[in-house]
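Going down the list, the protein sequences come from chains C and D. Residues are numbered in the numbering used here as their position in the first sequence, beginning at 1, plus a constant of 4. Residues are numbered in the numbering used here as their position in the second sequence, beginning at 1, plus a constant of 14.
If you're looking for bench data, these hints aren't it; they were derived computationally from the structure. All C-beta atoms, glycine included, are put in the ideal place defined by N, C-alpha and C. Careful, some of the hints might be misleading.
[Claimed, not checked] In silico lysine-lysine, DSSO-like type, Cα no more than 27 angstroms apart, as pairs:
no.: 1; chain 1: D; residue 1: Lys-54; chain 2: C; residue 2: Lys-212
no.: 2; chain 1: C; residue 1: Lys-228; chain 2: D; residue 2: Lys-104
no.: 3; chain 1: D; residue 1: Lys-127; chain 2: C; residue 2: Lys-212
no.: 4; chain 1: C; residue 1: Lys-228; chain 2: D; residue 2: Lys-77
no.: 5; chain 1: D; residue 1: Lys-117; chain 2: C; residue 2: Lys-59
no.: 6; chain 1: D; residue 1: Lys-127; chain 2: C; residue 2: Lys-78
no.: 7; chain 1: D; residue 1: Lys-74; chain 2: C; residue 2: Lys-214
no.: 8; chain 1: C; residue 1: Lys-78; chain 2: D; residue 2: Lys-77
no.: 9; chain 1: C; residue 1: Lys-228; chain 2: D; residue 2: Lys-54
no.: 10; chain 1: C; residue 1: Lys-214; chain 2: D; residue 2: Lys-100
[Stated by the list, open to error] Covered stretches of chain D, going by a simulated chain C footprint (3 or more residues, C-beta under 8 angstroms):
no.: 11; stretch: 41 to 50
no.: 12; stretch: 60 to 73
no.: 13; stretch: 125 to 136
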Amino acid sequence: MRNRLIDAIVCGAAALFLLPAILAQTANQSKAAGSAPDLTGVWLIDQFQPNLFPKGNAPFTPWAEARFKLADPKVNDPNLACLPHGVPRIMFVPLPIEILQVPGKVLMYQEAGNQLRQIHLDRAHPKEFDSLTYNGDSIGKWEGDTLVVDTTGFNDITWLDHVGLPHTEALHVIERINRVDHDTLKDDFTIEDPKAYTKPWIAQQIYKLKPGWEIAEYVCDNNKYVYHGK
Amino acid sequence: MNRKRFILIILLIGLIMISRPLFAHHSVAEYDMTRFTSVKGTVTQFEWSNPHAYIHLDVKDDKGNVENWSAELASLGMLSRVNWRKDTVKPGDEITVFGNRAKDGRTFMRLDKIVFANGQELSAHVR
Numbered sequence: 005m006r007n008r009l010i011d012a013i014v015c016g017a018a019a020l021f022l023l024p025a026i027l028a029q030t031a032n033q034s035k036a037a038g039s040a041p042d043l044t045g046v047w048l049i050d051q052f053q054p055n056l057f058p059k060g061n062a063p064f065t066p067w068a069e070a071r072f073k074l075a076d077p078k079v080n081d082p083n084l085a086c087l088p089h090g091v092p093r094i095m096f097v098p099l100p101i102e103i104l105q106v107p108g109k110v111l112m113y114q115e116a117g118n119q120l121r122q123i124h125l126d127r128a129h130p131k132e133f134d135s136l137t138y139n140g141d142s143i144g145k146w147e148g149d150t151l152v153v154d155t156t157g158f159n160d161i162t163w164l165d166h167v168g169l170p171h172t173e174a175l176h177v178i179e180r181i182n183r184v185d186h187d188t189l190k191d192d193f194t195i196e197d198p199k200a201y202t203k204p205w206i207a208q209q210i211y212k213l214k215p216g217w218e219i220a221e222y223v224c225d226n227n228k229y230v231y232h233g234k
Numbered sequence: 015m016n017r018k019r020f021i022l023i024i025l026l027i028g029l030i031m032i033s034r035p036l037f038a039h040h041s042v043a044e045y046d047m048t049r050f051t052s053v054k055g056t057v058t059q060f061e062w063s064n065p066h067a068y069i070h071l072d073v074k075d076d077k078g079n080v081e082n083w084s085a086e087l088a089s090l091g092m093l094s095r096v097n098w099r100k101d102t103v104k105p106g107d108e109i110t111v112f113g114n115r116a117k118d119g120r121t122f123m124r125l126d127k128i129v130f131a132n133g134q135e136l137s138a139h140v141r
């Protein structure tokens with residue numbers, strides 16, 4: 005009888021003690037349900053796709069076809085000069101990417117060149133770009149669990165893949181980034197550039213989570229390859 | 015026995031295929047990816063650097079002529095993840111390098127693995 009009383013007192017005290025924590029957790033869970041999915045972590049491509057049109061059926065305009073014929077990965081790949089890969093190519097590089105989520109931004113810290121790709125969640129593209137850039141201007145929004153990223157404002161220096169798909173300043177890339185499961189991230193690309201391609205085309209890259217990995221320093225200070233210009 | 019050997023070969027081919035993503039800075043277009051070459055020599059320099067590390071070695075032929083070979087490796091971050099260090103190979107080490115030779119015939123290769131004088135092997139692949 006006495007033991008039962010002690011048990012009841014202990015249980016009651018424990019409940020009172022834990023109540024604030026239980027309530028707080030419930031509040032956190034409802035907050036999490038309304039917040040952005042967690043994409044953070046270090047990710048590495050699952051399969052290397054150097055060539056986005058392995059069958060050679062890219063819908064080139066005559067300009068792009070002529071330009072592609074001049075592309076030689078051993079000679080004039082912009083990346084030989086350690087220039088940025090640009091979007092979308094950076095997302096196909098076989099080096100890890102750490103995704104960080106901060107208020108108003110999703111950040112992609114790339115091991116390749118230690119570049120930081122910024123995806124802005126709190127603004128639109130400017131009406132005009134002051135300068136055109138390698139990585140363009142990326143604007144993201146959440147559609148359910150998918151981060152939809154719209155990127156434009158590119159210079160025309162980069163290649164779209166590792167074998168020389170060209171583009172112009174009219175390039176427009178839309179990505180749909182989704183964490184398929186705990187260890188898997190998927191990025192579906194729609195790429196359009198009416199000056200270089202007769203129709204929009206798609207590509208996809210799967211990434212795997214790399215627990216325990218950190219982005220390493222990558223300073224291109226011993227480059228033996230010479231880029232011979234545009 | 016034959017079946018075991020067949021499975022082993024399939025596994026090795028698979029390993030080679032999934033190992034391809036190692037090189038990031040440039041494409042593998044300059045290398046003959048259809049065949050492997052191996053040469054044994056004395057290390058003259060190990061460049062522990064980005065975007066690639068390099069092993070340079072002197073290779074003697076039967077007549078005593080010396081050829082200078084170089085092997086290109088991945089970036090330092092990826093090499094560190096598979097246990098390579100800046101002193102993994104040192105000048106004077108006798109090693110065999112195994113990899114894909116440049117298509118243009120230069121004494122230059124994309125490194126696949128090294129074999130130390132004691133027979134110990136070290137892969138240059140990240141996975």
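Going down the list of hints, with the structure as the test:
Using a Cα cut-off of 27 angstroms, the hinted pair Lys-54 (chain D) and Lys-212 (chain C) is violated, with the two alpha carbons roughly 37 angstroms apart. Restraint check: the Cα-Cα separation between Lys-228 (chain C) and Lys-104 (chain D) comes to about 21 angstroms, which is no more than 27 angstroms; the hinted pair holds. Restraint check for Lys-127 (chain D) and Lys-212 (chain C): satisfied, since their Cα atoms lie roughly 25 angstroms apart, inside the 27 angstroms limit. For the suggested pair Lys-228 (chain C) and Lys-77 (chain D), the alpha carbons sit about 31 angstroms apart, so the restraint of at most 27 angstroms is broken.
At most 27 angstroms may separate the alpha-carbon atoms for a hinted pair to count; Lys-117 (chain D) and Lys-59 (chain C) meet this at roughly 23 angstroms. For the given pair, Lys-127 (chain D) sits about 23 angstroms from Lys-78 (chain C) by alpha-carbon distance, which is consistent with the 27 angstroms threshold. Taking the CA atoms of Lys-74 (chain D) and Lys-214 (chain C), the gap is about 42 angstroms. The hint is violated against a cut of 27 angstroms. Of the supplied pair hints, the one linking Lys-78 (chain C) and Lys-77 (chain D) is violated, its CA atoms being roughly 34 angstroms apart against a limit of 27 angstroms.
Restraint check: the Cα-Cα separation between Lys-228 (chain C) and Lys-54 (chain D) comes to about 24 angstroms, which is no more than 27 angstroms; the hinted pair holds. Taking the CA atoms of Lys-214 (chain C) and Lys-100 (chain D), the gap is about 24 angstroms. The hint holds against a cut of 27 angstroms. Counting residues of the stretch 41 to 50 of chain D whose CB lies closer than 8 angstroms to any CB of chain C gives 4, which reaches the minimum of 3, so the coverage claim holds. Proximity of the stretch 60 to 73 of chain D to chain C, defined as three or more residues with a beta carbon under 8 angstroms from a beta carbon of that chain, is established by the 6 residues found.
Counting residues of the stretch 125 to 136 of chain D whose CB lies closer than 8 angstroms to any CB of chain C gives 0, so the stated coverage by that chain is violated, three being the minimum.
Of the numbered hints stated above, those contradicted by the structure are hints 1, 4, 7, 8, 13, listed in ascending order.
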